[in-house]
Each structure stands twice: as structure tokens, then as C-alpha cells.
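Chain by chain, the residues run as shown.
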Amino acid sequence: MMDLLELFGEHPGWYFVAATLVPLLSFVLILSASALWCAARPFRDTPAGAALFNFFGGEERGRTPAYVATGAIALAFVLSLVGFLRFTIQQSEFETQIQQVQRDLYELRVKAKAAQGQDKEKWEEEIEAKENELENKEKMWESARSYAWQGHFDWLRIRPGSLRDPDRGTVLQLGYKIDSLSALMFVMVTFVASLIHLFSIGYMSEELQPEVEDHQVHTRYGLLVRRGRFGRFFMFLSLFCFSMLNLVLADNLFQVFLSWELVGICSYLLIGFYFERQSASNAANKAFITNRIGDAGFILGLLILWTNLGTFHFDELFQRLRAPLRDSHGTLQLAGRFVRGDLDPARAADGSWSLKYSPDGAQVVLFPLPQDRPEHYHGVGPDRDDRVDVFEAPKKGQHGSMPYWLLVAAGLGIFLGCVGKSAQFPLHVWLPDAMEGPTPVSALIHAATMVAAGVYLVGRCYPLFTYEALLVIAYTGGITLFIAATIAVVMTDIKKVLAYSTVSQLGYMMLALGVGGWVAGLFHLLTHAFFKALLFLCSGSVIYGCHHEQDMLKMGGLYPKMKITALTMLIGVLAIAGIPLFTGWYSKDAILAQALGFVYVHPQHLLLFLLPLGTAGLTAFYMSRLWLMTFTGKPRDEHVYEHAHESPGTMTMPLVVLAVCSVGIAWGWPIYDAQASWLEQNVHHAQHHAVLADFGNIDYTVDQEHGEYWVVAKRAEENERLYAYYNHHLAGNLALGLVVIGMVFAGLIYWKGVLDPAEAQEQFPGLHAFLMDKWRFDWLYSVVVVRPALVVGSWLAWFDLHVIDGVLHGVAYLSVLLSKWDGLFDNSVIDGLVNLVGNAIYSAGARLRNVQTGFLRSYVLFLVLAAAGIFMVLAYFVRMAAAG
Amino acid sequence: MTLTVGLTHFLLLGALLFVCGAVCMASKRNAIGILMGVELVLNAATINFVAFARYNPIFQVEGQIFALFVIVLAAAEAAIALAIVLNFYNNHLSVDVDTAEELKG
Numbered sequence: 001m002m003d004l005l006e007l008f009g010e011h012p013g014w015y016f017v018a019a020t021l022v023p024l025l026s027f028v029l030i031l032s033a034s035a036l037w038c039a040a041r042p043f044r045d046t047p048a049g050a051a052l053f054n055f056f057g058g059e060e061r062g063r064t065p066a067y068v069a070t071g072a073i074a075l076a077f078v079l080s081l082v083g084f085l086r087f088t089i090q091q092s093e094f095e096t097q098i099q100q101v102q103r104d105l106y107e108l109r110v111k112a113k114a115a116q117g118q119d120k121e122k123w124e125e126e127i128e129a130k131e132n133e134l135e136n137k138e139k140m141w142e143s144a145r146s147y148a149w150q151g152h153f154d155w156l157r158i159r160p161g162s163l164r165d166p167d168r169g170t171v172l173q174l175g176y177k178i179d180s181l182s183a184l185m186f187v188m189v190t191f192v193a194s195l196i197h198l199f200s201i202g203y204m205s206e207e208l209q210p211e212v213e214d215h216q217v218h219t220r221y222g223l224l225v226r227r228g229r230f231g232r233f234f235m236f237l238s239l240f241c242f243s244m245l246n247l248v249l250a251d252n253l254f255q256v257f258l259s260w261e262l263v264g265i266c267s268y269l270l271i272g273f274y275f276e277r278q279s280a281s282n283a284a285n286k287a288f289i290t291n292r293i294g295d296a297g298f299i300l301g302l303l304i305l306w307t308n309l310g311t312f313h314f315d316e317l318f319q320r321l322r323a324p325l326r327d328s329h330g331t332l333q334l335a336g337r338f339v340r341g342d343l344d345p346a347r348a349a350d351g352s353w354s355l356k357y358s359p360d361g362a363q364v365v366l367f368p369l370p371q372d373r374p375e376h377y378h379g380v381g382p383d384r385d386d387r388v389d390v391f392e393a394p395k396k397g398q399h400g401s402m403p404y405w406l407l408v409a410a411g412l413g414i415f416l417g418c419v420g421k422s423a424q425f426p427l428h429v430w431l432p433d434a435m436e437g438p439t440p441v442s443a444l445i446h447a448a449t450m451v452a453a454g455v456y457l458v459g460r461c462y463p464l465f466t467y468e469a470l471l472v473i474a475y476t477g478g479i480t481l482f483i484a485a486t487i488a489v490v491m492t493d494i495k496k497v498l499a500y501s502t503v504s505q506l507g508y509m510m511l512a513l514g515v516g517g518w519v520a521g522l523f524h525l526l527t528h529a530f531f532k533a534l535l536f537l538c539s540g541s542v543i544y545g546c547h548h549e550q551d552m553l554k555m556g557g558l559y560p561k562m563k564i565t566a567l568t569m570l571i572g573v574l575a576i577a578g579i580p581l582f583t584g585w586y587s588k589d590a591i592l593a594q595a596l597g598f599v600y601v602h603p604q605h606l607l608l609f610l611l612p613l614g615t616a617g618l619t620a621f622y623m624s625r626l627w628l629m630t631f632t633g634k635p636r637d638e639h640v641y642e643h644a645h646e647s648p649g650t651m652t653m654p655l656v657v658l659a660v661c662s663v664g665i666a667w668g669w670p671i672y673d674a675q676a677s678w679l680e681q682n683v684h685h686a687q688h689h690a691v692l693a694d695f696g697n698i699d700y701t702v703d704q705e706h707g708e709y710w711v712v713a714k715r716a717e718e719n720e721r722l723y724a725y726y727n728h729h730l731a732g733n734l735a736l737g738l739v740v741i742g743m744v745f746a747g748l749i750y751w752k753g754v755l756d757p758a759e760a761q762e763q764f765p766g767l768h769a770f771l772m773d774k775w776r777f778d779w780l781y782s783v784v785v786v787r788p789a790l791v792v793g794s795w796l797a798w799f800d801l802h803v804i805d806g807v808l809h810g811v812a813y814l815s816v817l818l819s820k821w822d823g824l825f826d827n828s829v830i831d832g833l834v835n836l837v838g839n840a841i842y843s844a845g846a847r848l849r850n851v852q853t854g855f856l857r858s859y860v861l862f863l864v865l866a867a868a869g870i871f872m873v874l875a876y877f878v879r880m881a882a883a884g
Numbered sequence: 001m002t003l004t005v006g007l008t009h010f011l012l013l014g015a016l017l018f019v020c021g022a023v024c025m026a027s028k029r030n031a032i033g034i035l036m037g038v039e040l041v042l043n044a045a046t047i048n049f050v051a052f053a054r055y056n057p058i059f060q061v062e063g064q065i066f067a068l069f070v071i072v073l074a075a076a077e078a079a080i081a082l083a084i085v086l087n088f089y090n091n092h093l094s095v096d097v098d099t100a101e102e103l104k105g
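Read top to bottom, the protein sequences are chains A and B.
For what it's worth, our numbering labels the leading residue of the first sequence as 1, then goes sequentially.
For what it's worth, our numbering labels the leading residue of the second sequence as 1, then goes sequentially.
Honestly, the hints are just simulated from the structure, not real lab data.
Where is the CB? At the ideal position from N, CA and C, for every residue including glycine.
Wrong hints could be hidden among the right ones.
Some, not all, of what chain B presents toward chain A, calculated at C-beta under 10 angstroms [claimed, not checked]:
hint, residue
1, M25
2, K28
3, R29
4, I34
5, G37
6, A78
7, L93
8, V97
9, D98
10, E101
Negatives, chain B to chain A, calculated, CB over 10 angstroms [unchecked claim]:
hint, residue
11, T2
12, S27
13, F66
14, A100
Label-pair ranges, simulated between beta-carbon atoms [what the hints assert, rightly or not]:
hint, chain 1, residue 1, chain 2, residue 2, range
15, B, H92, A, V851, 21 to 27 angstroms
16, B, L86, A, V837, 43 to 49 angstroms
17, A, A883, B, Y55, 22 to 28 angstroms
18, A, V834, B, E62, 50 to 56 angstroms
19, A, V837, B, P57, 24 to 30 angstroms
20, B, G33, A, V851, 20 to 26 angstroms
21, A, V834, B, G33, 46 to 52 angstroms
22, B, I80, A, V837, 35 to 41 angstroms
23, A, N835, B, E62, 52 to 58 angstroms
24, B, L86, A, T853, 22 to 28 angstroms
25, B, L86, A, V834, 44 to 50 angstroms
26, A, V851, B, V61, 41 to 47 angstroms
27, A, V834, B, N90, 44 to 50 angstroms
Please model the entire structure based on the sequences and the hints provided.
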């Protein structure tokens, strides 16, 4: 016990490890209880069997699984919260000190720039001292962090020497690494998941009955009646939470991949929860198969990294790929960036080459890890030491290299995995179909777990992505957010609208990550989790209250019937639309500001700003449409309206909590300052310096004084903040204008009825049909992939049936024929010979037995006669011999 | 004319004895009688050995030793044969060898 307390005291990262393992424990508990229940059921007539059977719930199993799972995730939330607080306090202590030193250093630099002659030297000495102090402070924080908040153990040893270098690629690890991003993710995931668990207890209560009638499955004998699956639902939820938390916890890509697949299988199980329904089973398959396509890319990326770098550990990957922040000369031009160059065949030695720096070389330098570097370490750069020896199989402390295109491919591969998981174009098709699962699952998938995993991983792996890969990410996000928003405008299924809005918001996050808005993207991931969970649970509450009616064309005027649901949903709508002071406002404006900054520097990518800006208005429009169609106006379907009712307390309570969070979770001081959000600042701590190195210098065209490559991460950060501040206001105001227009438009159409949506449909029938068909992606995939696959499959089946089976049948017929001939030969010739010999011996024996008379006297007679005969013959021969 | 007894006489005696034994074996139905015939045959052989030992210096020792062997052999044979006969009698209540025909082919 004391050991455990000491462990948590010394290594507070274990709070998060424990938070991860608690849902797993709950899963195992529920699973084993169910297994015992199943095992005991056939023996429930015997006393022992009945005791066991009743102990695990008997015929009517109660809510125990729900309480176990909810308790587990709530405990995980408490653990995460404690861990998060401890981390934040420790981090802010160090950060304050480091910032103080940085501020001093900055002032010193400003003074040194102004000074002349001897003064200048004096200032430079002081600057150097301050730089050393800064370095020491940062090292202290690093070591404190790696001691308390990181850890790993070897999980699997691979035969050494399986790669070119026997020291590399020999061990797979499991571990944990906590920074402020993963700590925040932990709190967010466990909090949202706890509320979703709580909501599910009410929502899934139908499954408590021993016999459930599924109204959507018709069998020959009428509606399908099946056993309730209450426990199974919560078991899967627990496994889902464990997988997601493990993914966030991971300190290496391999562990991420494990959890990644676990998340995939959980989504498959939960989307296909009502697997007797054809649509649900199809949707589960679609989600799983679509994700497999992405995972194929993920595996390729992993293999490239493993082959070339021999490790999956995030820190080691980044330290080897990105130039170190400091070398023995202090500042580096390429600090935190990829360093590219060309191998010089003229200066090659055995097992090594000389690599010459060039900004667009074909190779990228792999740096030695900091702990292996020599004391006096030179970096590689354009002005000095532009050559470095790279080794084919670098030992500790040596440089290596890998082809740049492979690194691009690895980044794109990993991103493809994220495209699948986060439902980005062109693999977004599974997410709307995933609405077939129970609504709390939709909330969990959309808000806290599965789709968040993709964005989270892009953020985590940011330093692996090259410029080309980032551009692909940005455009993928841009296309996705626009397509999804346009489809959401015409959807009438309340859950489908939300599904497409999720796809669209994920597009925002990806776009932000691609244009260097690392903080903005992940900030939006966190805020989005709250308001999207709220929106989904609200829609769940509406669906529950309307007795499983999901079509908005049958709703309307529900506000008086379900006030709590309507008001909380309104908050969610305002938050996602980006109305000031709601959470969505802070994060979406940050993304737009980042995109605007990017477009300033790269005007050719103007689309990357216009798409999200326009879509901000679209988002406001379709979300307002959703709320207005559901809750205001006249009831469109009297039957639904008559029976509608507010949901019970266990379901509305999470709504209220999430609504409060959707308003205030991102507030900072002052509240009205869009950039003062505490959440954003907290995410900022986790930002890898590579982000600043890649994008922090968006002002380098302005800063002519120092030349184009004057990039120091800290300095760049200040510039970035300046520009972001300017951008933020412009982008934010533009977006707000569009949002207001969108909402007014929605109000005019769906509330005041000034415009009739049916007229618009008639005016643009082609466009409406196109959008209703979801941009015909399903059709496209069906034509391009599914049907050709089926056609090829039918060809193969024909080939199988006729050619392969034909050959097999022919061979079989021939062997039968051959066997017949062989049998004939066997029976007549071989058996005949054998029988002949046998018969001959038998008949000879039958004759000879007459000799054996059984009379002793006749034997003696024969004996004597024979002896006499022999003697006579002998005598004859002897005489002949004597004579002749 | 004096009749000197030579090797031929001994051999003739042995042959006579052998024929007697053989005829005895071939004609008797009584198992004990057959045994007696066997003894006669063996003794005929012994006479031959001893005669050769007496008249041929090459076989001086060997002939004597073979004679001893045959006597020992005859004793052993008689013991075993009598045991067989006794058992035979226990099973058939007779020593008529013609009744021993169960194993004939």
C-alpha cells in the first residue's frame, strides 16, 4: 500500500496509467461475469449452478454492469483530474521561471543590438550567461518531466540483427508520456465518457428486459425477439474508453497502433450493436473496412520509420529527424527543422558518405540522440559545417540519413491512417453510416474517442510531417470541411446532420494542423468534444422522447415538450456556430486566424482560408436549421408530437453539465479576449518546437535585417503571437459576420417562414439531389471500387467453379479410372500368383501328410532303411574309389 | 586252428547287436521294449568305439572316451525316456506307442 502511494508520489504519471487501466479492469470484470453467467446457465437446475447463476444476475440481469462501467470511468476521471492538476502546477512553476529568463534574455538582446564597440562585447558575454541559465533551467524541467511523467518497459524483444544495424529495431515498448496535451485529453475523454455512460444508463434501459422486440427486424415469425444486451453495451463502452485512453497515454507509435486497432474493433462492435438489422451490420462493416484502408497506410508509415530509424518512441523519432535546438555554437539556422542534403559519391568511405547540405536535397539527415552526442557538437547548416559524415548503419553519436521521399511517404502513410479514423475526405463515408449504432455510441465516437484519435495522432506525430505532407493534410481538411457542411445543409435525419457536422469540424482541425495551427487544431478538438457530445446526447434525448423517431420532417414545435433538451441543445448550436463567449468561438477563430496567417505568406493557397471561412457561415446555417426544425414552428407530425416527452433525470443531467462546459470550458481572463483562453494556453505548453520552426517564421520575408533564414524558435514565437493577434481579429470578425448571416437566413426560412425551403429545392433540383446523395461518394465508390470488386469476384468465382474445380474433378475422375485398372491387375495377376503358390504348397502338404503315420515303428523302419540305404551308397562309392 | 578274435568280429557283433536293437525298436508296441531296443543300438555303437580303441592306436583314447560318453548319454536318455513313458502312461493308461497318434499329419 505504502509502495503504491510512493509510486504515485514519485511518478505521478501513474495517475494516468491507472486511469487507463481502470476501464480495462471494468471490461474484464463484466466479461468474466458474463462468461460465468453463461457457463452456469445450463446448470441452473442444480443448486450450485443456480447459486452461481443467480449471483451473476439470474434471468433478469440488472444494471450492475452499467454501475461497474460508469464507476470505472468516473474513477478514471478523478484520477485524470488529479494527475492533470499535479502536472499543471508543476509545469507552471517551471514555465514561470523559464519565461522570466527568456524575457531577460530578450531585453539583453535588444540592448546589445543598440550598443556599439566595447559595450557590445560586454552585452554579448551577459547574453551568453543568460543563455546558459536558460539552458540549465530547461534541462532541469526536462529531467523532472522525464522522471515523473514518463516511463516505459520492454514489451517484446525482437531477434537482434534483423535490420542492417544490430543495435536498432530490437525492442517494442509499452510506456506513458504525459504532456499538457495528453493530460487535457485524458480529462476531456474521461469526463465526456463519464457523462455518456451516465446518459446510457437511461437511454439503454430497454435492453434491460430479458426479451427485447426489435421493431426494425422482420423475420418469418414476425418481429425479432432477442435477449436484452445491457451488459454487453457497457462492456464495449469500457473497452472503448480503455483503448482511447491507452492511445493518448502512449509514448510510442507502436502502442498507438495497438490502441488504434482496439478502437477500430470497438467501433465495429458498437456500430453493429443491433447487428440483426441489415443496415447496422453493413454500417459496421463499412466503418471497419474503410478504416482498414487507412490502417494499411499507417502500417506502411510505421514500417518505413522502423526500417530507417529502428524506434517507435516519439521523442527519439523527433530528436533524430529534427535538427537539435542547440549545438556547440549556440544558435542554429535550421533548429527544429528537417535538414536535407545530397550524398557525395566522390567522398564516400566504407559504410559512410559525406552529405552536403542543400535546401532541397534528396536525403534527410538523422541526428544522433542528445544523450549520445559528443560534448562539442556541431550541427549541419548552410553557412558552416555544411558537410557531415553520414553512416549507413550509424552507431551511437553518429549521423545517419534516409531518403527524403521515404519520409514524405511515411508522413502521408500515417496521415492516411488518421484520414480513415477521423473520417476525412476521401474516407469520410463511414462516419454518417455509423449513426446506426445507439446514440450514446455516436456521441462517444464523435466527441471523445475514435474520430479524436486521428486528429490527436496527427498532432502527436507533427514533427514527422514534411512540408509536402502538411500541405496534403491542410487540403484534405479544407475539402472535407466544405463537402461535409454542404451535405449537412440538406440532411433531414437529425443524427446525420450532426454526423456531417462532425466530419466538417474534424476537417477544420486537420486544416489547422496542416497550416501550422497546431494549438488551434487541438484546442478545437477539445472544445468540440464537449459541444459535440452535448449535441449528440441532446439528439439522443429528442429521439428517446419521440420514441425513436429521427426524421426532422416529423418533428417541429417540440420546445414546450422538452425544454431542458431544447435549451441545452441551443447552447450546443451556439457553441458550434462560433457565437462569441461560447467555446467554439475561441477555437474556431484561432483556426481561421492561423489559416489567414498561412495565406498571407503563401497567397497561392488562398483556398485554405476561403473554405473554412465560408463554411463557418454554412455551419451556423445548418445548425440553426436543425434546432429550428426540431423545436420551433408547428408540429409536422401530430402522432410524434402527441407522444413526445422529456427524458428522465439521468439523461438530462449530463446534458446540463455538458452545456455548462460548452459555454465556459475555454474561458480565460478577460473572457471577451478570444486569445486568452486558458485551455488554449495549456495546449500551447505541449507544442513541439518543430511547429515553430516550420511555421513560426511566417514573418521572415519582413525581417530582412537578419536574412531569410534567421530562425530562432523563441524569437519566432513572439512574432507568431504578434501576427496571430492581428489575424485573429480580422478572421474572427469576418467569420462572425458570416455566422450571423447564416443564422439570420436559417431563422427567416425555418422560423419565420419567409422563404420556403421546398421552393429552393424546386429551383435547384440537380444541386439538391446531388447534396442529398452526399456528393455521390457512395455511388462513386460503388462504381469504382465495390462493383468492379464484385465483377472481378464473380470472374474469379467462375474461374474457380469451372477451371479449378474442373481440373480437380478431371484429376479425381482419372484417379478413379486408374484405380479400377489397378484393382483388376491386383486381383488377377498379383493375387493369382500368391494364391497359386499357396495352393501348390497346400496340396503338397496334403500329400506329404500321409507319410506321417503316427506309428513309431514305421518311423524306426524308415530310419533303419534310410541308414542302410546311405551305407550301401557310401559302400558303393568307397569301392569305386578303391577300384579306380 | 585257433580262432583269433579280431576287429572284424567285434564289428560283426556290433552290427548284429544294432540290427537286434533296430528290429526290437521297429517291432515292439510296448514303449519299454522300444527303450530296450534303443539301449541295444547304443551299446552296439559302444562296442564299435571300444573295438576301434583296442585295434587302432590312433583312436586309443578317443574310442574309450566316446564309449564313456555314450554310456552317460544312454543313462540320461533312459531317464528322460522313462519320464516320458511315465507321463504317457498317466495320460493314456497304456504304454502302447500306437496310441500316440494325435499329432500325426
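Now the hints, each set against the structure:
{"no.": "1", "hint": "M25", "in the structure": "4 angstroms, holds"}
{"no.": "2", "hint": "K28", "in the structure": "7 angstroms, holds"}
{"no.": "3", "hint": "R29", "in the structure": "7 angstroms, holds"}
{"no.": "4", "hint": "I34", "in the structure": "7 angstroms, holds"}
{"no.": "5", "hint": "G37", "in the structure": "8 angstroms, holds"}
{"no.": "6", "hint": "A78", "in the structure": "17 angstroms, violated"}
{"no.": "7", "hint": "L93", "in the structure": "18 angstroms, violated"}
{"no.": "8", "hint": "V97", "in the structure": "4 angstroms, holds"}
{"no.": "9", "hint": "D98", "in the structure": "6 angstroms, holds"}
{"no.": "10", "hint": "E101", "in the structure": "3 angstroms, holds"}
{"no.": "11", "hint": "T2", "in the structure": "30 angstroms, holds"}
{"no.": "12", "hint": "S27", "in the structure": "7 angstroms, violated"}
{"no.": "13", "hint": "F66", "in the structure": "19 angstroms, holds"}
{"no.": "14", "hint": "A100", "in the structure": "7 angstroms, violated"}
{"no.": "15", "hint": "B:H92 / A:V851: 21 to 27 angstroms", "in the structure": "24 angstroms, holds"}
{"no.": "16", "hint": "B:L86 / A:V837: 43 to 49 angstroms", "in the structure": "44 angstroms, holds"}
{"no.": "17", "hint": "A:A883 / B:Y55: 22 to 28 angstroms", "in the structure": "25 angstroms, holds"}
{"no.": "18", "hint": "A:V834 / B:E62: 50 to 56 angstroms", "in the structure": "53 angstroms, holds"}
{"no.": "19", "hint": "A:V837 / B:P57: 24 to 30 angstroms", "in the structure": "57 angstroms, violated"}
{"no.": "20", "hint": "B:G33 / A:V851: 20 to 26 angstroms", "in the structure": "24 angstroms, holds"}
{"no.": "21", "hint": "A:V834 / B:G33: 46 to 52 angstroms", "in the structure": "49 angstroms, holds"}
{"no.": "22", "hint": "B:I80 / A:V837: 35 to 41 angstroms", "in the structure": "40 angstroms, holds"}
{"no.": "23", "hint": "A:N835 / B:E62: 52 to 58 angstroms", "in the structure": "55 angstroms, holds"}
{"no.": "24", "hint": "B:L86 / A:T853: 22 to 28 angstroms", "in the structure": "25 angstroms, holds"}
{"no.": "25", "hint": "B:L86 / A:V834: 44 to 50 angstroms", "in the structure": "47 angstroms, holds"}
{"no.": "26", "hint": "A:V851 / B:V61: 41 to 47 angstroms", "in the structure": "42 angstroms, holds"}
{"no.": "27", "hint": "A:V834 / B:N90: 44 to 50 angstroms", "in the structure": "45 angstroms, holds"}
The structure fails to meet hints 6, 7, 12, 14, 19 from the earlier list, while all remaining hints are met.
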